[in-house]
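Starting from the known structure of chain A, arrange chain B on it as the hints suggest.
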Amino acid sequence: MSITVRYFASLKENLGRGEDEIDYAEGLTVKIAWDTLHQGRPLPSNVLAAVNMEYARLDTAVKDGDELAFFPPVTGG
Amino acid sequence: MIVKIAKTAFNPWQALQHHQDSLPNSGQYGAASIFVGTVRDFNQGDSVLEMCLEYYPGMTERQLEAIVAEACQQWRVLSCLVIHRVGVLLPNDTVVLVAVWAAHRGEAFDACRYIMETLKSRAPFWKKEQLASGQARWVAGHSPIEERLPVP
Chain A
1 MSITVRYFAS LKENLGRGED EIDYAEGLTV KIAWDTLHQG RPLPSNVLAA
51 VNMEYARLDT AVKDGDELAF FPPVTGG
Chain B
1 MIVKIAKTAF NPWQALQHHQ DSLPNSGQYG AASIFVGTVR DFNQGDSVLE
51 MCLEYYPGMT ERQLEAIVAE ACQQWRVLSC LVIHRVGVLL PNDTVVLVAV
101 WAAHRGEAFD ACRYIMETLK SRAPFWKKEQ LASGQARWVA GHSPIEERLP
151 VP
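From first to last, the protein sequence lines are chains A and B. Sequential numbering of the first sequence, starting at 1, is according to the working numbering. Sequential numbering of the second sequence, starting at 1, is according to the working numbering.
Treat the hints with care, since some could be wrong.
Stated by the list, open to error - Pairs of lysine to any residue residues, derived as SDA-like cross-links and limited to a Cα-Cα distance of at most 20 Å, are as follows:
no., chain 1, residue 1, chain 2, residue 2
1, A, K12, B, K4
2, A, K12, B, Q135
3, A, K12, B, T38
4, B, K128, A, L15
5, B, K128, A, E13
6, B, K4, A, E54
7, B, K120, B, N25
8, A, K12, B, E54
9, B, K128, A, R17
10, B, K128, A, V47
11, B, K7, A, G77
12, B, K120, A, R17
13, B, K4, A, G77
14, A, K12, B, G58
15, B, K128, A, N46
16, B, K120, A, N46
17, B, K120, A, Y55
18, A, K12, B, C52
19, A, K31, B, R137
20, B, K128, A, K63
21, B, K4, A, M53
22, A, K12, B, D41
23, B, K128, A, E21
24, A, K12, B, V86
25, B, K120, A, V47
26, B, K128, A, E67
27, A, K63, B, G58
28, B, K120, A, K63
29, A, K63, B, W138
30, A, K12, B, R137
None of these hints come from the bench; they were simulated from the model.
Just chain A, with the same shape it has in the complex (with noise of 0.2 Å):
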């Protein structure tokens, strides 16, 4: 199995994708998940993060089969 990680927004638009693929790898976190599909971008700092649909930090594992989302500060209301 592999994770989806999904963009919104902006951040897709910069991107010019809304979604990628990663194999799942053992210690896998928020940040290493983007360090690895996005090699020397760095992740912007006021970007959010969410897996399985909850808000996470860097630091939050990934499991395998998880969805992970990256997004802008939202602006609904």
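Okay, now just chain B, sitting in the frame of chain A:
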């Protein structure tokens, strides 16, 4: 407690009437507090033609439901209706409706405000404005400190 994402325009006053009609005629609803948010035709000195609202299907609903549940834990909420638009909106279109029914005004006001303010900082929605100048821009967001990722 009802939480809905609306993909097309909705009339908040009709939605309120419909919800009001569905409540039991029990005499316990002493207060209803209502917030309706509407698209303006201006923002930061620019004329806005339309606004596109993106969301994260699944997570957005889950966050809205969690926020409503938190309000129900803090105040004695008898009923609650939250509807949030997504898609392309025009000036004067309703963006959001938050309505809370309680026995007393304090609980209704406080719970309604809590849901609305928390939604603005936590529910995954993103606004992109189409300006009269031909430019399009994402509205800059503010997130509460505790939701921010720690600096690596």
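How the hints compare with the structure:
1. A C-alpha spacing of about 25 Å is found between K12 (chain A) and K4 (chain B), which places the hinted pair above 20 Å, so the restraint is violated.
2. Between the alpha carbons of K12 (chain A) and Q135 (chain B) the distance comes to roughly 18 Å, so the proposed pair stays at or under 20 Å and holds.
3. With a C-alpha separation of about 26 Å, the suggested pairing of K12 (chain A) with T38 (chain B) is violated against the 20 Å cut-off.
4. Taking the CA atoms of K128 (chain B) and L15 (chain A), the gap is about 17 Å. The hint holds against a cut of 20 Å.
5. Of the supplied pair hints, the one linking K128 (chain B) and E13 (chain A) holds, its CA atoms being roughly 12 Å apart against a limit of 20 Å.
6. For a cut-off of 20 Å, the pair hint linking K4 (chain B) to E54 (chain A) stands: about 19 Å separates their Cα positions.
7. Proximity of K120 (chain B) to N25 (chain B) is assessed by CA-CA distance (about 33 Å); at most 20 Å being required, the pair is judged violated.
8. Restraint check: the Cα-Cα separation between K12 (chain A) and E54 (chain B) comes to about 11 Å, which is no more than 20 Å; the hinted pair holds.
9. Between K128 (chain B) and R17 (chain A) the CA atoms are separated by roughly 17 Å; this keeps the pair inside 20 Å, and the hint holds.
10. Among the hinted pairs, K128 (chain B) with V47 (chain A) is consistent with the structure: their alpha-carbon atoms are about 17 Å apart, no more than 20 Å.
11. For the hint linking K7 (chain B) to G77 (chain A), the alpha-carbon distance of about 15 Å falls within 20 Å, and the restraint holds.
12. Under the criterion of a C-alpha separation no larger than 20 Å, the hint pairing K120 (chain B) with R17 (chain A) is inconsistent with the structure, at around 26 Å.
13. Note on K4 (chain B) and G77 (chain A): the hinted pairing holds, with a Cα-Cα distance of about 13 Å set against a maximum of 20 Å.
14. Simply put, K12 (chain A) and G58 (chain B) have alpha-carbon atoms about 18 Å apart, close enough for the 20 Å limit, and the pair holds.
15. Restraint check: the Cα-Cα separation between K128 (chain B) and N46 (chain A) comes to about 18 Å, which is no more than 20 Å; the hinted pair holds.
16. Simply put, K120 (chain B) and N46 (chain A) have alpha-carbon atoms about 16 Å apart, close enough for the 20 Å limit, and the pair holds.
17. A distance of roughly 15 Å separates the Cα atoms of K120 (chain B) and Y55 (chain A); the hinted pair therefore holds under the 20 Å criterion.
18. Taken as a hint, the K12 (chain A) and C52 (chain B) pair is honoured in the structure, with Cα atoms around 15 Å apart against an allowance of 20 Å.
19. Only pairs whose Cα atoms come within 20 Å are accepted, and K31 (chain A) paired with R137 (chain B) is rejected, the gap being roughly 28 Å.
20. The hinted pair formed by K128 (chain B) and K63 (chain A) fails the criterion: a straight-line CA distance of about 33 Å is larger than 20 Å.
21. Between the alpha carbons of K4 (chain B) and M53 (chain A) the distance comes to roughly 17 Å, so the proposed pair stays at or under 20 Å and holds.
22. With a C-alpha separation of about 26 Å, the suggested pair K12 (chain A) and D41 (chain B) falls outside the 20 Å cut-off, and the hint is violated.
23. For a cut-off of 20 Å, the pair hint linking K128 (chain B) to E21 (chain A) is broken: about 27 Å separates their Cα positions.
24. Taking the CA atoms of K12 (chain A) and V86 (chain B), the gap is about 17 Å. The hint holds against a cut of 20 Å.
25. Distance check on the hinted pair: K120 (chain B) and V47 (chain A) sit about 16 Å apart at the alpha-carbon level, within 20 Å; holds.
26. For the hint linking K128 (chain B) to E67 (chain A), the alpha-carbon distance of about 25 Å lies beyond 20 Å, and the restraint is violated.
27. Distance check on the hinted pair: K63 (chain A) and G58 (chain B) sit about 19 Å apart at the alpha-carbon level, within 20 Å; holds.
28. Straight-line distance between C-alpha atoms of K120 (chain B) and K63 (chain A) comes to about 29 Å, which puts the hinted pair past the 20 Å bound.
29. As the CA atoms of K63 (chain A) and W138 (chain B) are separated by approximately 32 Å, the hinted pair breaks the 20 Å bound.
30. For the hint pairing K12 (chain A) with R137 (chain B), the CA-to-CA distance comes to about 14 Å; that is within 20 Å, so the pair holds.
Violation of the numbered hints given earlier is confined to hints 1, 3, 7, 12, 19, 20, 22, 23, 26, 28, 29; the remaining hints are satisfied by the structure.
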